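Number of protein chains: 2
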Amino acid sequence: MKRPTAPKPAVPETPSAAEPPLRLQLWSPAGVVARPPALRRAARHLGTLGFEVTVDPDALARHQRFAGDDAQRLAALHRIADAAPDVVLASRGGYGLMRVLDGIDWARLGRSIAGGSRWVGYSDLTALQLGALAHRAGPMWAGPLACDDFGRTAEEGGIDEITEACFVEAMHGELEAIGFRGEAGFDGLEVRGTLWGGNLSVLCSLLGTPHLPKVRGGILFLEDVNEHPYRIERMLLQLAQAGVLEAQKAVVLGSFSDWKPSPLDRGYTLKTMVAGLRSRLKVPLLSGLPFGHQRTKVCLPVGRRATLAVEGRDHLIVWGH
Amino acid sequence: MKRPTAPKPAVPETPSAAEPPLRLQLWSPAGVVARPPALRRAARHLGTLGFEVTVDPDALARHQRFAGDDAQRLAALHRIADAAPDVVLASRGGYGLMRVLDGIDWARLGRSIAGGSRWVGYSDLTALQLGALAHRAGPMWAGPLACDDFGRTAEEGGIDEITEACFVEAMHGELEAIGFRGEAGFDGLEVRGTLWGGNLSVLCSLLGTPHLPKVRGGILFLEDVNEHPYRIERMLLQLAQAGVLEAQKAVVLGSFSDWKPSPLDRGYTLKTMVAGLRSRLKVPLLSGLPFGHQRTKVCLPVGRRATLAVEGRDHLIVWGH
Chain B
1 MKRPTAPKPA VPETPSAAEP PLRLQLWSPA GVVARPPALR RAARHLGTLG
51 FEVTVDPDAL ARHQRFAGDD AQRLAALHRI ADAAPDVVLA SRGGYGLMRV
101 LDGIDWARLG RSIAGGSRWV GYSDLTALQL GALAHRAGPM WAGPLACDDF
151 GRTAEEGGID EITEACFVEA MHGELEAIGF RGEAGFDGLE VRGTLWGGNL
201 SVLCSLLGTP HLPKVRGGIL FLEDVNEHPY RIERMLLQLA QAGVLEAQKA
251 VVLGSFSDWK PSPLDRGYTL KTMVAGLRSR LKVPLLSGLP FGHQRTKVCL
301 PVGRRATLAV EGRDHLIVWG H
Chain E
1 MKRPTAPKPA VPETPSAAEP PLRLQLWSPA GVVARPPALR RAARHLGTLG
51 FEVTVDPDAL ARHQRFAGDD AQRLAALHRI ADAAPDVVLA SRGGYGLMRV
101 LDGIDWARLG RSIAGGSRWV GYSDLTALQL GALAHRAGPM WAGPLACDDF
151 GRTAEEGGID EITEACFVEA MHGELEAIGF RGEAGFDGLE VRGTLWGGNL
201 SVLCSLLGTP HLPKVRGGIL FLEDVNEHPY RIERMLLQLA QAGVLEAQKA
251 VVLGSFSDWK PSPLDRGYTL KTMVAGLRSR LKVPLLSGLP FGHQRTKVCL
301 PVGRRATLAV EGRDHLIVWG H
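Those sequence lines, one after another, are chains B and E.
Heads up: the first sequence runs through residues 1 to 321, numbered per full-length UniProt numbering.
Heads up: the second sequence runs through residues 1 to 321, numbered per full-length UniProt numbering.
Treat the hints as calculated values from the structure; they're not laboratory data.
Some hints here could point you the wrong way.
Identical copies go unnamed one by one, so any copy, or any two together, can satisfy a pair.
Capping the alpha-carbon separation at 30 Å, the derived lysine-lysine pairs in DSBU-like fashion look like this [stated by the list, open to error]:
1) K214 with K260
2) K249 with K271
3) K214 with K282
4) K271 with K282
5) K271 with K260
6) K249 with K282
Remember, it's a predicted structure, so these values are computed and weren't measured experimentally.
Sequences and hints are given; from them, build the entire structure.
What follows is the structure, given as structure tokens:
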């Protein structure tokens with residue numbers, strides 16, 4: 001696991017007395033919260049970080065594998081957009097946003113973003129973040145999820161310091177760059193474009209639909225979980241054949257975790273797959289971004305202009321305030 | 001498992017003395033043949049059915065998880081297209097065709113089809129069949145695979161009679177319809193259009209690329225394996241949001257097999273998922289097609305004009321000769 005190196009995010013020691021605490025709203029846009037204690041632990045912990053936490057009344061709703069039926073989750077989204085809290089943090093991902101994309105009032109969501117709300121999450125939340133970009137609602141944040149990241153017990157490894165520090169800084173509007181150590185071979189690369197991306201499976205499931213933004217000259221970051229490298233390759237080839245990859249200035253891979261090797265692989269690994277794609281594609285394919293289904297994850301503003309610069313193996317993504 | 005009912009395909013008792021035997025070429029366009037004896041058993045069995053079987057020299061090639069590297073598999077495809085045997089049957093699927101689609105000489109492939117070659121397979125072969133349709137190379141056959149269907153030992157359940165009978169009849173140009181018992185609720189439905197489809201994951205991996213045919217007013221058949229219903233739903237929603245589903249006159253589901261329920265499902269099943277989609281979509285969503293990753297599979301000409309007619313629960317797909 002690569003860890004961010006520069007600039008090192010810093011947690012504010014205590015919430016400043018001069019500033020009122022940020023209002024943070026927890027909600028459940030997708031999968032059911034199967035373990036409510038994790039959400040309570042997350043709420044408590046976020047409180048100790050200085051946020052004024054409220055939990056959406058439907059955050060623990062249950063309908064099959066979803067946190068409430070589609071109408072309920074859509075209503076929560078619009079209700080929260082209208083309330084415009086400072087931070088809107090999803091409890092968890094799973095699957096569910098694709099079902100409601102067609103029903104979202106993007107202008108209403110856009111007003112909350114323009115008003116200063118920071119919507120945060122990853123995994124299934126990619127559908128919302130890319131939809132927001134496609135429908136010009138404004139940038140959201142790829143970042144942690146309440147249960148997965150702030151609801152961890154000590155036995156589950158506890159809360160990751162870098163994840164927490166990045167999140168606090170980003171939510172206070174103070175995170176302007178992240179750094180990490182990537183693979184060698186890209187020294188001197190410097191590109192500027194729209195930073196976008198998220199979960200590869202979710203992004204691919206938007207291909208051909210009106211909810212995938214048409215980003216040209218961008219910096220595309222990708223992560224996934226439980227997908228064998230051949231499936232990751234298939235998705236990346238689809239993005240290549242659809243003209244998406246070559247339209248970017250750089251592609252940055254986060255973590256691709258929890259896949260099971262097959263006895264058929266015979267030397268076909270994540271590493272050889274990426275090497276094969278590099279020989280096939282013209283766009284630089286970087287890796288090592290601390291983002292994905294792993295403990296350490298940075299926050300990234302989806303849809304903001306950013307610069308990616310590489311010096312030796314040090315990679316820096318800067319978007320400014 | 002639904003079984004075809006009418007018309008019941010019949011295996012020719014013995015190859016006619018008047019007709020020379022059909023030349024059948026086995027090849028490996030995608031995944032490595034991990035168990036060569038299965039291919040030898042298939043070749044032997046196909047011989048007893050009256051085919052004159054040859055095995056491509058690279059059918060047992062190995063490169064990582066593939067049956068030879070991309071150049072090797074692409075060369076085999078073009079070599080076989082030029083040789084124009086009567087039947088071109090793939091050893092197995094797996095993953096691999098997406099890697100070579102950009103390199104296929106579709107006109108060359110089209111000449112073999114126009115010359116009478118019947119290319120057959122399912123699963124990963126969907127990429128080739130849909131590519132052939134998109135690039136106007138002509139219709140191929142969705143049908144069995146050599147190892148999976150004709151290479152089965154008695155311990156593996158042996159060879160399915162219906163699969164075999166349909167295949168023999170189709171390869172002799174004598175299969176003009178298949179029948180099966182579907183769900184109630186579609187009595188009286190009759191639609192006509194291009195028959196197309198195959199593996200849902202593979203079809204979705206072509207969305208946005210030049211290799212997905214733009215079929216309007218068609219009859220779309222779909223199957224998949226190892227995909228949880230939420231992933232099948234996500235793919236179907238993508239096809240809906242991309243305008244593909246509603247452009248069809250009917251969607252016919254084959255088998256969706258080998259997925260593992262999750263404790264999170266709480267009543268979300270393949271059946272409730274399909275019911276939910278039916279309430280959302282205007283296009284008729286039929287099921288029960290004996291096709292997919294199951295023993296019994298019919299042969300279907302991908303890209304031929306066909307009529308789908310339902311009487312009670314009896315479903316008939318007719319394409320004529």
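Against the structure, the hints come out as follows:
no., hint, in the structure
1, K214 with K260, "neither (33 Å within a copy, 35 Å between copies)"
2, K249 with K271, "within (22 Å within a copy, 44 Å between copies)"
3, K214 with K282, "both (19 Å within a copy, 28 Å between copies)"
4, K271 with K282, "within (18 Å within a copy, 44 Å between copies)"
5, K271 with K260, "both (14 Å within a copy, 28 Å between copies)"
6, K249 with K282, "within (10 Å within a copy, 41 Å between copies)"
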